[in-house]
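Student: What follows is each chain in one-letter form.
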Amino acid sequence: MLVRALKFTGFRNLAPSSLEPGPRFNVFAGNNGQGKTNLLEALYAVCTLRSFRSSRLRDLINIDGEQAYVGARVDRGGLERRYELTINARSRIVRLDNKAVRPIAKYFGDFNVVLFAPEDLLVAKGSPGERRRFLDRAVFTLKPSFLAVAQDFEKVLKSRNVVLRDEQLSSSSKEEMLDVYDQQLASLSAQILWARINYLKNVQERFAGAFESITRSGLPASLSYEATGEVLGVEQFPELPSQQETEASYLAALASSRRADLRRGATNVGPHRDVLRFQLAGQLAGNFASQGQLRAMILAWKTAEMDLLAEVHEDPPALLLDDVSSELDPKRNEYLFDFLRGRKNQCFISTTHPKFVLLSEDRRDFRVENGHIEESSSL
Amino acid sequence: MQCLSRLPGIGEKTATRLAFHLVRAPDSEAQELAKALHEVVDTIRLCSVCLNLTQLDPCETCSDARRERTLICVVASPSDVVAIDRAGGFRGTFHVLHGLLSPLEGIGPDDLRIAELVRRLKTDAAGASIVEEVIVATNASVEGEATAMYIARVLKPLGVSVTRIASGIPVGGELEYTDQATIARALAGRVTL
Numbered sequence: 001m002l003v004r005a006l007k008f009t010g011f012r013n014l015a016p017s018s019l020e021p022g023p024r025f026n027v028f029a030g031n032n033g034q035g036k037t038n039l040l041e042a043l044y045a046v047c048t049l050r051s052f053r054s055s056r057l058r059d060l061i062n063i064d065g066e067q068a069y070v071g072a073r074v075d076r077g078g079l080e081r082r083y084e085l086t087i088n089a090r091s092r093i094v095r096l097d098n099k100a101v102r103p104i105a106k107y108f109g110d111f112n113v114v115l116f117a118p119e120d121l122l123v124a125k126g127s128p129g130e131r132r133r134f135l136d137r138a139v140f141t142l143k144p145s146f147l148a149v150a151q152d153f154e155k156v157l158k159s160r161n162v163v164l165r166d167e168q169l170s171s172s173s174k175e176e177m178l179d180v181y182d183q184q185l186a187s188l189s190a191q192i193l194w195a196r197i198n199y200l201k202n203v204q205e206r207f208a209g210a211f212e213s214i215t216r217s218g219l220p221a222s223l224s225y226e227a228t229g230e231v232l233g234v235e236q237f238p239e240l241p242s243q244q245e246t247e248a249s250y251l252a253a254l255a256s257s258r259r260a261d262l263r264r265g266a267t268n269v270g271p272h273r274d275v276l277r278f279q280l281a282g283q284l285a286g287n288f289a290s291q292g293q294l295r296a297m298i299l300a301w302k303t304a305e306m307d308l309l310a311e312v313h314e315d316p317p318a319l320l321l322d323d324v325s326s327e328l329d330p331k332r333n334e335y336l337f338d339f340l341r342g343r344k345n346q347c348f349i350s351t352t353h354p355k356f357v358l359l360s361e362d363r364r365d366f367r368v369e370n371g372h373i374e375e376s377s378s379l
Numbered sequence: 380m381q382c383l384s385r386l387p388g389i390g391e392k393t394a395t396r397l398a399f400h401l402v403r404a405p406d407s408e409a410q411e412l413a414k415a416l417h418e419v420v421d422t423i424r425l426c427s428v429c430l431n432l433t434q435l436d437p438c439e440t441c442s443d444a445r446r447e448r449t450l451i452c453v454v455a456s457p458s459d460v461v462a463i464d465r466a467g468g469f470r471g472t473f474h475v476l477h478g479l480l481s482p483l484e485g486i487g488p489d490d491l492r493i494a495e496l497v498r499r500l501k502t503d504a505a506g507a508s509i510v511e512e513v514i515v516a517t518n519a520s521v522e523g524e525a526t527a528m529y530i531a532r533v534l535k536p537l538g539v540s541v542t543r544i545a546s547g548i549p550v551g552g553e554l555e556y557t558d559q560a561t562i563a564r565a566l567a568g569r570v571t572l
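Residue numbers (my numbering), protein chains in the order written: chain A, 1 to 379; chain B, 380 to 572.
The shape of chain B in the complex, shown without the other chains:
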């Protein structure tokens, strides 16, 4: 139970329910779960290029020839890669930072995978960078913005274009129910029609 309740999103009650379920269920169910956990731990590692979770190295995305290597989308975590890929439309590659800058929690630039990103820009294939644009797709929170600004500062001298995803009214969202901070941001980031 204590093992289970250490998992994110699972409290004491859910942990108890899960533990009792596994004890009561047929042996095969618990064994399948154990096997799956074992496999995950043994086979999943970080892609040497984009640092996303993968079973193959380089990962499927990085070795996909149809993806544009001139474009890198920088995200905080592997789940953000899934979210962006699910949306479709993005045909570039990714780079996973594994966190956001947060001095209050003791997370500085060296704890993030920024050095690897810089390396990717400096030497791609034949030693010259083919990357033209880096899109920073971190959360629109204080930490996400700080991380984006930091990355922009580090990458700009390398002569690559650094962009930030837009933030504002969600698609299909109603203006009248949107909070004030979001509306203010949306107005500041308006575009010419």
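In isolation and in its complexed conformation, chain A is listed as follows:
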């Protein structure tokens, strides 16, 4: 999969422009605040229809403007398709090959990017919520239909919480309604749990292998997942019971936590409370690993994610590397670029200085200054 052309107007501080990236390494160099990350964000937004820096798309509109537009021409197996996103203050317009897309799930699947940003490097030590979002983003990239399930889950969870806190409802209708939302929540929770566990099963071996190649320390890295409500054991990725059984376990768990949920006005059982852990030699990495080891873990995860995606989609995704090199020590940097040289992914790399990017072949350099992007001669 190759991004052949990228066009944007009214996007953050970027001057209206179009860009024809090369098939392999595209390096965008510039000082801080010039627009390097905005450029990666534009590409991420047209691919995923969301931003990795803001929960509101309208934040992507230039401060002085009313509308932002990003278009990408993407070549997959010789077929070129046109992806377009227009953002207004109150709406977004999404088009694929000049046509409206319905349902929106059809937009996803053929155009894939993997983002690797400096914030990610702290995920192994971050809050459980950050780690769940990190995992869910990876699951969504691999399996776009996950989005609809996750959105329905959010909606039902919020509905259940509103009912829990509702003081106007008679207690009998409250119980009836909770019965209904428990049933919906159990089914959606089981689907989310399945998607996450299956993803982790697929990624963990690659993750452990990559970590060993990066650190060569003999200390094994591993992942573990703990589900609330005793739906799963605490051991690493046990065989999942059938989806119906998982659903039944969630239903029982929700029923037994109902009294406590009513007191607290919140739902305490479900995938929104589950914990993903990064472990080093069986210990919790957040408490035990060094800064360098934590970063190596995320680097290992990201490379594993890319390989998994390339294998499942039979097509390497584009990689967005946002100023990661300056956060990694020379040894890890070398590993990262060796890894990238050995793959076929098209890469968009932002950096404060072109010399941080240890690549010499197949490379195109761009200079980003005050929102303007110009191709420059290499190094």
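The set of hints was computed from the structure by calculation and includes no laboratory data. There could be a bad hint or two in this list.
[To be verified] Quick partial rundown of chain B residues pointing at chain A, CB under 8 Å, derived from the structure:
(1) V521
(2) A525
(3) M528
(4) Y529
(5) R532
(6) G547
(7) A560
[What the hints assert, rightly or not] In silico EDC-like cross-links for lysine to aspartate or glutamate, where the CA-CA straight-line distance does not exceed 16 Å:
(8) K143/A / D558/B
(9) K535/B / D179/A
(10) K535/B / E176/A
[As the list claims (entries may be wrong)] Reference listing, derived: stretches of chain A covered by chain B, where coverage requires no fewer than 3 residues with Cβ under 8 Å from a Cβ of chain B:
(11) 91 to 99
(12) 148 to 159
On a predicted model such as this, the values are computed, not experimentally measured, just so you know. Each residue gets a CB set at the ideal place from its N, CA and C atoms; glycine is no exception.
Given chain A, put chain B in place with the hints provided.
Tutor: Using the frame of chain A, we list chain B on its own:
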């Protein structure tokens, strides 16, 4: 213009176009429209049985002797009644809820016409229910499913059979262009041949 743009599906531009058209058109056109609006507001009310919009009470459907009173189809809005009747084939009666459960928008069971439905089941004509089956025909959305499940819970103890309309591949639709969620649903709801 502001009055017009409050209507659903009409934005500022369309409202402006409509307003200018009415000003320029012969007086009779605007007067006819005003008269029609007046009549609608004055004469349309809810049927005391099924709560559908009607000019007569009970409505034509509820007073139609050829319709089976043992069968009630529960829908969210009057436009759903039109859709089902247009399809033909359904010879029972209706019940309009006027909404779907949605705690996020502050719509609870008491905001829907569920109590009226329960009353219909408990006392029909001579005080005993003649209703045998209630078909819940709400949307296949999160809210539609929640409403259906809620109604099933409320009605089951009354000894009536509660069914849900099927969902899956549309008639004449092509499998290969059907989205994944619909296909999954269609497979789960498969029937024996």
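Student: Was the hint right that A525/B lines chain A, CB cutoff 8 Å?
Tutor: holds, 5 Å
Student: K143/A and D558/B were given as a pair; does the straight-line alpha-carbon distance stay at or below 16 Å?
Tutor: holds, 13 Å
Student: Under the criterion that the straight-line Cα-Cα distance not exceed 16 Å, is the pair K535/B, E176/A satisfied?
Tutor: holds, 12 Å
Student: Should the interface hint for R532/B be scored as holding, given a Cβ-Cβ cut-off of 8 Å against chain A?
Tutor: holds, 5 Å
Student: Check, residue by residue, whether the segment 91 to 99 of chain A contains three or more positions whose beta-carbon lies closer than 8 Å to a beta-carbon of chain B, and give the verdict.
Tutor: Per the Cβ count (0), the hint is violated.
Student: Checking C-beta pairs, does the segment 148 to 159 of chain A have three or more residues closer than 8 Å to chain B?
Tutor: holds (count 6)
Student: When the nearest CB of chain A is found for M528/B, is that gap smaller than 8 Å?
Tutor: Since the shortest Cβ distance to chain A is 4 Å, the answer is holds.
Student: When you check the alpha-carbon spacing of K535/B and D179/A, does it fall within 16 Å?
Tutor: Satisfied, since the Cα-Cα distance of roughly 14 Å is no more than 16 Å.
Student: Is the shortest C-beta separation between G547/B and chain A less than 8 Å?
Tutor: With a minimum Cβ separation of about 15 Å from chain A (threshold 8 Å), the hint on G547/B is violated.
Student: At a threshold of 8 Å, is the proposed contact between V521/B and chain A supported by beta-carbon distances?
Tutor: It holds, given that the least Cβ distance between V521/B and chain A is near 5 Å, below 8 Å.
Student: Y529/B was flagged as interface toward chain A. Is the shortest Cβ-Cβ separation under 8 Å?
Tutor: holds, 5 Å
Student: Grab the minimum C-beta distance from A560/B to chain A and call the hint holds if it beats 8 Å, violated otherwise.
Tutor: For A560/B, the interface hint holds, since the closest Cβ of chain A sits about 6 Å away, which is under 8 Å.
Taken one by one, the earlier hints fail for this structure at numbers 6 and 11, listed in ascending order.
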